[in-house]
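For the record, the sequence lines run as chains A and B.
If you're matching positions, the first sequence starts at 1 in this note's numbering and goes up one per residue.
If you're matching positions, the second sequence starts at 1001 in this note's numbering and goes up one per residue.
Hints in this document: simulated from the structure, not taken from any laboratory.
Ideal placement from N, C-alpha and C gives every residue a C-beta, glycine not left out.
Be aware that a few hints might be false.
Claimed, not checked - FRET-style restraints, in silico, Cβ to Cβ:
# : chain 1 : residue 1 : chain 2 : residue 2 : range
1 : A       : 157       : B       : 1076      : 45 to 53 Å
2 : A       : 62        : B       : 1080      : 35 to 43 Å
3 : A       : 165       : B       : 1015      : 27 to 35 Å
4 : B       : 1080      : A       : 246       : 30 to 38 Å
5 : B       : 1145      : A       : 101       : 23 to 31 Å
6 : A       : 161       : B       : 1145      : 24 to 32 Å
7 : A       : 19        : B       : 1102      : 45 to 53 Å
8 : A       : 101       : B       : 1061      : 55 to 63 Å
To be verified - Selected chain A positions facing chain B (Cβ under 8 Å, derived; list incomplete):
#  : residue
9  : 53
10 : 55
11 : 73
12 : 82
13 : 92
14 : 93
15 : 96
16 : 231
Said to hold, decoys possible - Just a sample of chain B residues kept apart from chain A, beta carbon distances all over 12 Å, derived:
#  : residue
17 : 1010
18 : 1161
19 : 1172
20 : 1395
21 : 1449
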Amino acid sequence: MQAAPIVFAQAGLTYPNGVEALADISLTIATRSAVAVVGPSGCGKTTLLRTIAGLERVSTGTLSVAADATRAMVFQSGLLFPWMSVADNISYGLMTRGVPLAQCRERARVWADRMGLQRFIDAYPHQLSGGMQQRVGIARALAIQPDIVLFDEPFAALDAQTRLLMQELVCDLQRQGVCGTMVFVTHAIDEALIVADRIIVMSARPGRIIADITPQLPDVPIAEKRALPAFNQAFADIWAQIRSEVELQMHEGVR
Amino acid sequence: MPQNRWLSWLSPLLLVVLWEGAVQLGILNRIFIPPPSEVVVALIKGLADGSLLADVVISSERIALGFLIGAIPATVLGIWSGLNRTVYLLVRPLATMLYPVPKIALLPLVIVVLGIGEVSKIATVALSVFLMVVIHTIGGVMQVDQRYFEVGRLYGANQRTLFRTVALPASLPAIIEGWKLAMGFALTLIVGVEFVGASNGIGYRIWQSYELYAIADMMAAVCLIAALGWVITLGLDEVERLLVPWRHTVKESRMPLLKKWWGAVRPWSYTAAIVPVLLGAAIAAQQGGLNWLWLVLALIGSIAIQGGTNLMNDYYDYKKGTDTPAVKGTGGALLRGEMTPQQIFWAGILAFALGSAIGLYLVSVTGPFILWLGLCSVAVGYFYTAGPFALAYVGLGEVAVFIFMGPVMVLGSYYLQQPVIAWPAIWAALPVSFVVAAILHANNLRDIDTDILNHKRTLATMLGRSGARIEYYVLVGGAFVSVLLLVALGLAPWPTLISFAMAPLAWRLMRTAATEEAAEKLHPVLRGSALLHMRFGMLYVIGWVIALWI
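Please model the entire structure based on the sequences and the hints provided.
So this is what it looks like as structure tokens:
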């Protein structure tokens, strides 16, 4: 199990084409904590996630993640392999690590059961609804028992009710302690407040951290949580922080 | 749009009919443009003496060899270039440069280098296939969404695993697309190649027919190569389904092909197509000899039309949504997702085409009366469930079946052997009419509740359950009563009374129909009615045959 936290120290990232995605990021994410990152579209939230995943490298400053930490990611568009069955998708990360086929199959079955996918284990992704596909995506990530799970706006493309269900699912999984250190990128403030204990607010591009909020919300069902005055207060605080950034971006006409 | 799809097969049929008519009326000169019926005759002659088939086999061999020699290395090289920048930079310009060159233009060069034998023909095909497949494979590999590679790497895949689990499956659809296109090119090319320097093969035959001015033979050869192309396309589609199963929403994609089609065309329903043809021939034989070839052709044609009807019914029932999984119908291959509606549709068209081709041949040897019977039958077969006025949905199903699967078919088969329109043949068909209508009615009786729910108007739903039961008694009973009457009136020979051996079966069926209401309890009545039709009909025919010796 990974012990070291994720530490950004004055980290920045400028793409070769000159676009500055991240600037002066200093952030420590404690082991086994649940952190959400919110900010206007195109602010570099996803880039931040990709640096943790090891898919991008910071160009200035440093980022340290324990070298032996297993990382898994859940993508906005699912990015399941269309040519693999649900079972093969779920056990993909096990298969690449040389786990025997029978065991892969067994783990896939266990995770499919857990995600309510048992009837679809032999289906192909295109036969599933968007919500089901994301369940497979989450199962694929958690099946490898990752130390770090990165969520990249996983529910942005789902309808409102399915999104609620999926948020509940993530909260449940977290309570069961299978999500390790969780970093959850979203543009929905309420979603951030529901799935995470700590919320990082980022500015318009280049992404900087403009607020770091830890609202003290009790661990109650989502519906109750949403009705709490503290929830609404935190929502208003975060919105106040982001609002000007979103407006700025709108006027600049940046995506 | 799907409702009007019948238009798209009406036009080719219309063309054939107009063409035949124009030649028969002398508007077109048959020396230059022989009618379809002559082409069919030429086709059957060529197939019968084996010469046409031998040419197809030779051309197929050339295509197959050329394709394999071209496509296998091209696929390997294409994938390699798609993944490796250096190889890509070396291969791509050469491939794009040579690609637009019409390959037939290279044939003389190939002949100069390799001689005029088999090798040069195969090499020309292989070269064309190679270029086509390389280009498509490179494109296929390069257009793979890079994010999939990223996901693979993130989840711990090394280069080899990435190739096996991402690059290959993701580019496979495009690669197979390339194979299909290349096969099309190979088919075109082989004809051209055989025009020039061959002494056999389908292209050679077309050219030779031209030189001899045997236009019908030429067209027969063209039809055959079109059929070959069609078969190859089907084969490649099947390869695609096998290699790219995720592309098709087919739950039981591993189901064997033959088994799927067996279920879809329902060959066990063909006694309805066979009995009347045999009966017509048996009645005609009372008056004279029998042309066995025509009888066999009529049987094949009749089975083809029946198969086409079955497939079309499935297609339109599916489109109209009247068959639901609750209906444990005899077909339902579509409902179980084993086949796509398009496959069913085109197979139905093909079956009708085969039936029509045989029909046209029989028309050419016996005269236009068969043409009219055939056209009416095809129309009824089609409009049974298709089109705005679907017979099966307005309560006319039994009537249509009664007329067409009885008197019309018997008369047609009779007319082939004895070219007169004989009323006795029509009367003699009545017992068969009754039992065949009973099969359909047993089906409607079983489905009466679901049909009412779906607003499908059958005679059964219109009469209500008790009325529908009486209708069943009338139809089954009518079969036996009509045999008695025909024998009494001297319209059928007395040995036909052996069909009464099936009276106990009929009695059991009527008892079940009288007491049961649940669909699954009535299903045996349907199966039993089909059995009754087969046994009763065959015994009735045997009665006519026995009469030949008495």
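Hints breached by this structure:
1, 3, 4, 8, 16, 18 and 19
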